[in-house]
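S.K.: Starting from the given sequences, assemble the full structure and let the hints guide the process.
Keeping their order, the protein sequence lines are chains A, B and C.
1 is the number of the first residue of the first sequence in full-length UniProt numbering; add one for each residue after it.
1 is the number of the first residue of the second sequence in full-length UniProt numbering; add one for each residue after it.
1 is the number of the first residue of the third sequence in full-length UniProt numbering; add one for each residue after it.
Quick caveat, the hints were computed from the structure, so don't treat them as lab data.
Among the clues, some could well be false.
[What the hints assert, rightly or not] Here are the computed lysine-lysine pairs in the DSSO-like style, where the Cα-Cα straight-line distance is at most 30 Å: (1) Lys-226/C x Lys-151/B; (2) Lys-137/A x Lys-93/A; (3) Lys-170/B x Lys-226/C; (4) Lys-93/A x Lys-119/A.
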Amino acid sequence: MTDTDTTPAREAATPVLSARDLRVWYGSKRGPVAAVDGVTFDVRPGETLGLVGESGCGKSTLGRGVLGLLPPGAAVDGEVRFAGRNLVGMPAKDLQALRGPELGLIFQEPMTRLNPLMKVSDHFEEALRTHNRGLGKAQIRTRALDALRGMGIPASRYDSYPHEFSGGMRQRIMIALALVLRPAFVVADEPTTALDVLVEAQIIQILADLRRNFDTALVLITHNLGIVAEACDRVAVMYAGHIVEQGDAREVFANPQHPYTQELLRSTISLGTTGLHFIPGAPPDLADPPAGCRFHPRCPKAMRVCADEQPPEVLLPTGSRTTCWLPVPDMTTAEGRLPLEAEEIGVADEA
Amino acid sequence: MPTKPDTAASSAPAADASETLIEVADLQVHFPLRGGLFNRHAGAVKAVDGVSFRLRKGEVLGLVGESGSGKTTLGRTLLGLNKATGGSIRYRGKEIAGLREGELRPLRRNLQMVFQDPHASLNPAMDIATAVGHPLQVHGLVPDAAERRVKVAETLERVGLSPAELFLDKFPSDLSGGQKQRAVMARAIIAGPELLVADEPISMLDMSVRAKILQLFLDLKRDLDLTYVYVTHDLASAKFFCDRIAIMYLGRVVEIGPTAEIFANPRHPYTKALLGAIPDPEKVGVPRNLPRGEIPDAAQPPLGCAFHPRCPVAVAGCGWEARDLAALLDRHWLAAGEDARLTESALFARPAELATAGLRTVSLTPGKGHTAADIVELLGRVREKTRDDAFWRGVTAVEARGERACVDFAEGSDPRLRLVGGTADTVSVACHLVA
Amino acid sequence: MATTEINPTPNPAPEPAATAAEAAAKTKGHRFGGLHKIRAQIRETEGVAKYMLWTGLVLSGIFVIAAVFAPWIAPYDFDTYKSGSGERFPKQGAPSGTNWFGTTVQSLDVLSRVVWGARTALEVILLSVVFSLIVGVLLGLVSGFVGGWLDRVLVLIMDTLFAFPYLLLAIVAAFMFQGLPGGGVLTTALAITVVYIPQYFRVVRASTLSAREAVYVEAARAMGAKPTTIMRRYVFSNVVQSVPVITTVNAADALGTLAGLGFLGFGIQPTEAAEWGYDVSRSLDDINAGMWWTATFPCVAIVLAILGFTLLGEGLNEALNPSMRRRKIAKAVIPPITNPRKTVTLTATATGTATTAGAATKATVPAQADPPPAETASGDTASETAAPDTTAPDTTPTEPQEEGK
Chain A
1 MTDTDTTPAR
11 EAATPVLSAR
21 DLRVWYGSKR
31 GPVAAVDGVT
41 FDVRPGETLG
51 LVGESGCGKS
61 TLGRGVLGLL
71 PPGAAVDGEV
81 RFAGRNLVGM
91 PAKDLQALRG
101 PELGLIFQEP
111 MTRLNPLMKV
121 SDHFEEALRT
131 HNRGLGKAQI
141 RTRALDALRG
151 MGIPASRYDS
161 YPHEFSGGMR
171 QRIMIALALV
181 LRPAFVVADE
191 PTTALDVLVE
201 AQIIQILADL
211 RRNFDTALVL
221 ITHNLGIVAE
231 ACDRVAVMYA
241 GHIVEQGDAR
251 EVFANPQHPY
261 TQELLRSTIS
271 LGTTGLHFIP
281 GAPPDLADPP
291 AGCRFHPRCP
301 KAMRVCADEQ
311 PPEVLLPTGS
321 RTTCWLPVPD
331 MTTAEGRLPL
341 EAEEIGVADE
351 A
Chain B
1 MPTKPDTAAS
11 SAPAADASET
21 LIEVADLQVH
31 FPLRGGLFNR
41 HAGAVKAVDG
51 VSFRLRKGEV
61 LGLVGESGSG
71 KTTLGRTLLG
81 LNKATGGSIR
91 YRGKEIAGLR
101 EGELRPLRRN
111 LQMVFQDPHA
121 SLNPAMDIAT
131 AVGHPLQVHG
141 LVPDAAERRV
151 KVAETLERVG
161 LSPAELFLDK
171 FPSDLSGGQK
181 QRAVMARAII
191 AGPELLVADE
201 PISMLDMSVR
211 AKILQLFLDL
221 KRDLDLTYVY
231 VTHDLASAKF
241 FCDRIAIMYL
251 GRVVEIGPTA
261 EIFANPRHPY
271 TKALLGAIPD
281 PEKVGVPRNL
291 PRGEIPDAAQ
301 PPLGCAFHPR
311 CPVAVAGCGW
321 EARDLAALLD
331 RHWLAAGEDA
341 RLTESALFAR
351 PAELATAGLR
361 TVSLTPGKGH
371 TAADIVELLG
381 RVREKTRDDA
391 FWRGVTAVEA
401 RGERACVDFA
411 EGSDPRLRLV
421 GGTADTVSVA
431 CHLVA
Chain C
1 MATTEINPTP
11 NPAPEPAATA
21 AEAAAKTKGH
31 RFGGLHKIRA
41 QIRETEGVAK
51 YMLWTGLVLS
61 GIFVIAAVFA
71 PWIAPYDFDT
81 YKSGSGERFP
91 KQGAPSGTNW
101 FGTTVQSLDV
111 LSRVVWGART
121 ALEVILLSVV
131 FSLIVGVLLG
141 LVSGFVGGWL
151 DRVLVLIMDT
161 LFAFPYLLLA
171 IVAAFMFQGL
181 PGGGVLTTAL
191 AITVVYIPQY
201 FRVVRASTLS
211 AREAVYVEAA
221 RAMGAKPTTI
231 MRRYVFSNVV
241 QSVPVITTVN
251 AADALGTLAG
261 LGFLGFGIQP
271 TEAAEWGYDV
281 SRSLDDINAG
291 MWWTATFPCV
301 AIVLAILGFT
311 LLGEGLNEAL
321 NPSMRRRKIA
331 KAVIPPITNP
341 RKTVTLTATA
351 TGTATTAGAA
361 TKATVPAQAD
371 PPPAETASGD
381 TASETAAPDT
391 TAPDTTPTEP
401 QEEGK
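M.R.: As structure tokens, then:
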């Protein structure tokens, strides 16, 4: 509980964006796929929320669903409140107008998002012109160079083409492009996955600085738990379309409550790894998720109740929330608390 | 909980006595650069530039570095997938560096490779049974198809794809990433190799699958007495997995030694930087000193020690040159802002003078309306502001000579890989600071 | 199953011969494994592509049936001018009971000529497609895989051929191949082959060039496979998947070329076989004389056959080409929440009991030492609540997830 003095201040601020019971389902041949299935979270100004989980847990879908960037066939339900408006069900045109100046997105592969035929300066001019018609060329230049400077890109490179930059530089440019419009809320989807360790560390440091210098709220989607610990204030752990645990990043890492979080942390290979540990099996098919708690087939602590009834969301004294039966033994019967005879999971079922 | 098998730990002391599987001496892999109208020879990219090491049977050697460090090229060259342009690779005493493709082919049975991207390394139009069994067919190891299928099923079970019947007739597109990587490993071990070069075998996999595949590598090593060369940029997995580690930077090995020693006592500044860059959930909020910039272009490597432009502790003799001044000015202008940059860059008539590689003395033409003294004065001011920058340690003189402003750099040299300590199995480091 | 017996130690399979045969059969079935995907993709095709595909299939099917069963379908031979009873057909006779489509200026039965013409067309198309497929795919594969000067020379030759107007090229080739023992059908087929080789060559070479760089090709090399093996087993099987589409499109094109050659009087002689293009050219004068049947039926046959193959090719292209493929995606419908998640506020006490209440506890309260807030529900059992709205503005980090809708 080291953050006792900062947490209330953060909490006091009104959330930039709050999602309530957000559900994003895809249509598929096998029926609807509940990629995001009832997710509730808040992001406050200047706060970074880390979103972690295995592939196929709905992290990216959640990040895009919040911004309304979804493929055809996807349906969204629930509420995403941003600046007093509900983004769910908002006409595509209005949403489009918000994206950029208000809502930003940073992608994993910068090269696919930068036009190879446009100079860096052209990219900035286009972005700034689209949303601020009144800006003159000099103003655009100043703002763009400021944004680039914040990312450590020298002004002498302003008129270069994307291919003249390294991967790390391009990602910095992408971040600068997303931030030049000063959006209040940004989703960064695995922004450093394709990069080398050192460059990754540099960019994470920049992102960490960002929340100090701006009031931009950031949702950082990543599979690298170290990055979350480093750059995020809060963390939300996703499993099979649900947020199974969320809370202060340090608290969650120091004292994980949900078995999935615990297993995830244990199975991460870090410098302190002395033995390999892994979660058996793979995340479930979201077209046909398991009943009860969706993690129960892989959970080492599963009880009988876990297979039958969906667990409650438990608000812990630490401020963390976990969706699990374990902290509330009183809500279950003695029989429900008996360990679940788990089915054997072979490697054949792995992801 | 599965742990590192005992063999790995116990083999370390015994490794000294064990036989050398591969010995690499002064290996060079240069890719010619062609450019211009007539396909002229335009220099070379020194992907691997003078690397030497010894790989003992049964050990796991990690080649660690960023992309562009030459680690993948080195791994591939060990198997003859890239041509060595100089030096030697001896496999069990036999020189294989200059062999032609046809001469190498029989050896490929013993030297296998696992690629980074499991989704791309299986032929999408070939079912698993055929794909995994193909090495047997290629090397004529099994008389007929039926026997091959039995052997494939056996190997699939060994890599964890069990029951094998479920996988034999599947196509790669039906498998998950982890399963594909298992199939790739089955294909790699089916012909009974001695050495496996694994090129970032877990980096494209999901976090929860990585540990499983790494465990499989350990199990196979134990069961089949394999030797691994593990190419990676991930120091955490290397620390757990490797017996010895070679840290690579721009085609060179800058530090090599036993894993425990490298991690407990990193000597090269680059190794220290890599270690410091690993985000660790257990160490939150510890400020880190990251080296600036990125790995330079291998076609025009820096003078002297290739790491010196990024090195926080570089000294005068590390090989400072004109391009470092350009980088310093960029850093200065990043901090000083756009207005300062516009006025100050006007002092330089030809910015290209700073972009030439390998200049130990740079002579700068003053811009219109400026004199050499202005440049000297500016550099003096910059020096005041960036007093702590390692760059200034390499500057011997900044002065006006006639019409032009000149900056002289101290003579630098390229540090060679040197043994630290006396015995054979200690760490070797290529750094001027490590005597 | 004996083939997949995984336990190597016990006695070997009792019937080794059967085992081997079975295994061999299995491997054989998957030699062109890529094709199994094609079938699945065709099944998933939706929309216009689906109609194109099926219309094309039906038309081409009729064409093939007419060609294969021509001797049974056609009432007479293509070169006979009398009925079976020896009765002579009228010259340029209008459609009638004995000659449904009428007769030509040579007293030949138009219906029979049309049906037999399908057979000729099929023969020529099959031969030319097979020839150009073999030559084009082989050359493209080798050219793309080997590269170097061989590639340059082949590309130059193919580009030159490609630059010629196709009918002119076919005529020149038809002259060159005249007098071959195979007769008119073979000559025409070879002439058409020359025209279409460059198309296969280009497509196959392009996909070979990209397949050559694939990691699995590299892996095959690392495995120790010879270049020929790599080409056969790794490159070819992936490259060949782009071929069915061009084949059908080319078949349509070849039909046009065949008719064009026939119309101009090259290739197949009227005594050798019935040929639509030739028939059309012979009937030109009839149209002016008001005899519509001699030209109409062969023309319709040409149009329908070309249409069938074209639709089939385009349909296949849309079904197989990932960039063009439009799959019908059912929009997901989200049902209302029937079973809202319960929200529990846990206040850890020394005894570790869980207590809940409408009010959420402040997160800043130390976990272990703090007594439960006064307003929490008494009792040791945790009770769930539907989280009344009063909690909403409270200072919890996040709000209760389900609010009892």
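S.K.: Take the hints in turn and mark each one as holding or not.
M.R.: Verification of the hints:
The hinted pair formed by Lys-226/C and Lys-151/B meets the criterion: a straight-line CA distance of about 22 Å does not exceed 30 Å. Pair hint Lys-137/A plus Lys-93/A holds up; C-alpha atoms about 27 Å apart against a cutoff of 30 Å. The suggested pairing of Lys-170/B with Lys-226/C holds, with an alpha-carbon distance near 25 Å, which does not exceed 30 Å. Between Lys-93/A and Lys-119/A, the direct Cα distance comes to roughly 28 Å. Compliance with the 30 Å bound is thereby established for this hinted pair.
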